Amino acid sequence: MKLYFSKKLLQVIIVIFGASFLTFTLTYISPGDPAEMMFRSQDVVPSEAVLEKTREEMGLNNPFLVQYGNWLINLLKGDLGYSYINKGPVADVLKQKIPKTIELALVALLFLVVFSFPLGILSAIKKNKIIDYIIRSISLIGISIPAFWLGLLLLYQFVVKFHWFTITSQDGFRGVILPAATLAIPLIGRYTRQIRAAILEELSSDYVMGARARGIKESKIIFNHVLPNSLKGIITLFALSIGVLLGGTVIVETIFSWPGMGTMIMNAITNRDYPLLQAYVIFMSFIYIMISFTVESINQILDPRVRLKGEMI
Amino acid sequence: MKSMKYKKTTFIIVLSIAILTILFAIIAPIFAPNDPLATDFVRILEEPSDQYPLGTDQVGRCICSRILYGARVSLGMTFLLLVLLFILGVVIGIVAGMANGIVDTIIMRASDIVLSFPGLIFAIAIVGMLGPGMLNTIIALSVVWWTKYARLARVLVMSVKNSEYMDAGKMAGAGRLKLISHYVLPNIISPLIVQFALDIGGMMLTLSGLSFLGLGVQQPTPEWGNMLSEGRAYLQTAPWLLIYPGLAIFIVVAIFNTLGDMVRDILDPKHV
Amino acid sequence: MKKVIVILLVIALCFTLGACNQNQPTDAGKTKTLNAATYWMSDDAEPTKGWNGWVVARFGAGENLVQLDENMRFKEVIAESWKQIDELTTVFTIREGIKFHNGNPVDAKACKESIERALEITDREDVKLPIDSITAEGQKLTIKTSQIFPTLINLLADPVYIIVDASADDGDNFAFQPICTGPFQITEYQPDVGLKLKKNENYWKCDVDVDTIDVKLIADTSARAMALQSGEVDFATALNRKDLGLFEGNEEYVVQRGPNLRVAFLAFNMKKPYMQNLEFRQALTYGIDKKTYAKELYDATMAKGPFNESLSFGYKGEDYYSYDPDKARELLDKVGFVDTDGDGIREMNGKNIVLQFATLSHFGRDAANTGVAMQSQYKEIGLGLEITQYENLSEIADSDKVDIIWDRWTSAPTADPQYLFETAYKTGSPANRGNYSNKEFDAVCEELKTTFGKGERDKLGIKGSEILMKDAGVVFLFYLEGSVVTRSNVEGIHRFVSDIYHIDERVKMK
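Residue numbers (the numbering used here), protein chains in the order written: chain A, 1 to 313; chain B, 1001 to 1272; chain C, 2001 to 2510.
These aren't lab readings, by the way, just hints derived from the structure by calculation.
In this text, all values refer to a predicted model and were calculated from it rather than measured experimentally.
Accuracy of the hints is not assured; some may be wrong.
Stated by the list, open to error - Below, computed lysine-lysine pairings styled on DSS-like, alpha-carbon distance capped at 27 Å:
no. : chain 1 : residue 1 : chain 2 : residue 2
1   : A       : K87       : C       : K2196
2   : A       : K87       : C       : K2463
3   : B       : K1148     : A       : K232
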């Protein structure tokens, strides 16, 4: 087990290192000129001579690897660079934006769990009954509807027409429901299907047949055995969905003017604020990697099948 | 079984609808009532009418024609990208699966790294850095998603590689290429096709999402995602700018998602 | 597992209830709170940094010695009066009894310190003053410039010179809660969320009716309209042209709209040899139906010169070259660009003319739409046009690829023509992206540097505009429109042409 973890940890470090290299390379080959960007952020139109001098000062004339090395050292020191559009350290900007995106993602995750589990289970138990068809149709709609379109329609209906929710996010509960729902709905569609599939697979396994033959109550089979067994697969899927969820925040935040990292990144892209972009990719990769790492570790520790054997007999 | 026959019929229906959609996109110019790029200043943001069946946009272009031409762009890009990923992935996967040792390790480590990124975010960042545009979008999504097919192909190759069936091939004196084309490919192709079919809808959504963010297809080329992005400002005053392109995406994606499910049911019956 | 689901549901329920509780209105009856939406916020509220002072000015926190009112006329604010005693010296009398938000009295010394502080901190070239000396005696402030400087008063009205209590600058919190003299005081400033202000109990002019202002940052234009509709805000500015229709004619709202100071224009790239030909430029200008663009595409006022007509130095005569495709064709034939191969596009030296239309991507759709419109109109006179959005200014400035540049500028933030002339059209000026150069025009710029008297300067402004228009080096397209929408329970909010101010002491709530 120890070996497993140290091996995994090493892998995590390599991957983060790779992420940083890739991110930096991309910025390096991208067409924008950071020196000019800096001036433009201050609404100054510099002359070529001034630009050249600034490039020299900013180390932009150094060889690629030197630039990368400097950047990496600063990164390790916690210095993420200077954001042109926010006219301040990138770290300060992230500090403001991260909680907002996490808030949105957590509420969406809550919706996801609250809706996809019951729907998926119900759909599996009532396989090929009318309720199964309804749930499957709903999940097909969920995975096929463009989130950006759905978000705009929800916005119009619930904010403009019904006044149920607010546009501004400061209002706590009333501000977060719609964006979180928009973020969650496509995922709910996906998870309902996957949970259904996972449970059906368990249901067709031998031990369930056996349990049924012995006259154990169906609900007991489901809640005591089928669900715990399919949990491992579901948790792994969940970890993978974090990537989709995080990616989704960009679109959802744009639609709802949510002041998190998604709007930040779009702003950074339009204004070519590369330090902010770099920090964003590094941070998101880090989160994602840590989540996958945690989930894998949890699965490794609690392999439900081992425990189950003892119970069954 | 009755349900098997029923399944086949519905599959044929859905498949025909999907093929019709593609055909429709290809011959869109025949149906388009107007030039999708022509502007008509005196008829800006007009409601649907005889001349403009789905209304006009903020510079007086025909929405109906733009949706029809947009189908070519949306579907075209989706298939181009998926075919590219498919070929790339299968080639890499077969190379990794057939070759042992160092080549396999390198490919697998590279794909490990790519897999450890949150895909969409990385794609957004790549396009953001390289600059928005159709080509950069395709590059970004290829970088992020080649591993999906490569890994699948590799696993499949591994599973047939040491089978008796392959040994028979080897004994028959088949060369490496012949071995791959005659013995490996036929055995691994159907799960890959299932994956391909399942990915069409999602890929369309991703591409139009990137265009919606202003990263993918650029103006004035009509594409459903960027039409929605343009129409956003007129949500209340000219909703037809939003409703029709959104519906178009929704319906087409739903068709291909259904098709994907059915292809899986048929080619991969073990799946529940 | 059942338990887990039950627990999850309970958590969800708690979450919902908890959030609802937060939402209870707090003593709505007692305090009058104005909810406002803003489209832009600076990274802090330090008026001397960049354009940050605009936010301080917009919501009535900061005041200058003199300011421009909603119609761009000077009004005395902290200075009761001012007098120019010779070419270099101006004396201001500071109003008695004004107090800073912290209770400190405002006298000439405080104003001197505030202006000196601004001069020291600001990095904006366009607001620099050539100061020889500033002297303060009681309520008398004397500013002596080192050279003849006719725009002193104009620049002192810029938000950079908002009078702050320089002695209260602790170097920390001051940038977020600056101590000024306005009817409202900033109590909270979050660059990506909004700002909160409370009424200044000791305001010098009158008692302020509204107790607190809660300003929310809503950058998206259509979202601002929705926030007004949903009742989240009582006041919003710069709405989408079409969205204004949702509020006009609705009793619950008051809409104020009209041209503001921003002007959109096209600059021809004079580096190109063919652009040096006046008749060719005239043909290009005749081929643009800017009247229709302004009306149909932008719902804005068509521009003639750089300054809109409501300004005293705005050109008020007839436009020089109105849309006339026949004349354009005639001129193109005359300069020898004809279509010889019959493909509908004229040739120059045997090659089809395809002009390159360039905009910066941050100008967004409006800029590109002009290009889309021109594409079809230029086709009619036999010219090709391609549109490219560039990321960087330098790509346009250095590029030989570009023929026509779409640009946008705030024409006269200080109610004077000199600023725009010197920044955008004078030979060699930093933002002269079309490399325009005209001796006659440069002479006007020189003259503006030393000419006193509003009447004289206005004449020069008009003269310069006419030169630009006649020479067809720049095509002024339209004046952008400003809009202010308030709920009918709010009174006393005016639309400032400058767009620098939104709320002042006149605001009242029913």
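Here's how the hints hold up against the structure:
{"no.": "1", "hint": "K87(A) / K2196(C)", "result": "holds, 22 Å"}
{"no.": "2", "hint": "K87(A) / K2463(C)", "result": "violated, 40 Å"}
{"no.": "3", "hint": "K1148(B) / K232(A)", "result": "holds, 21 Å"}
Hint 2 alone, counting from the list given before, is not met by this structure.
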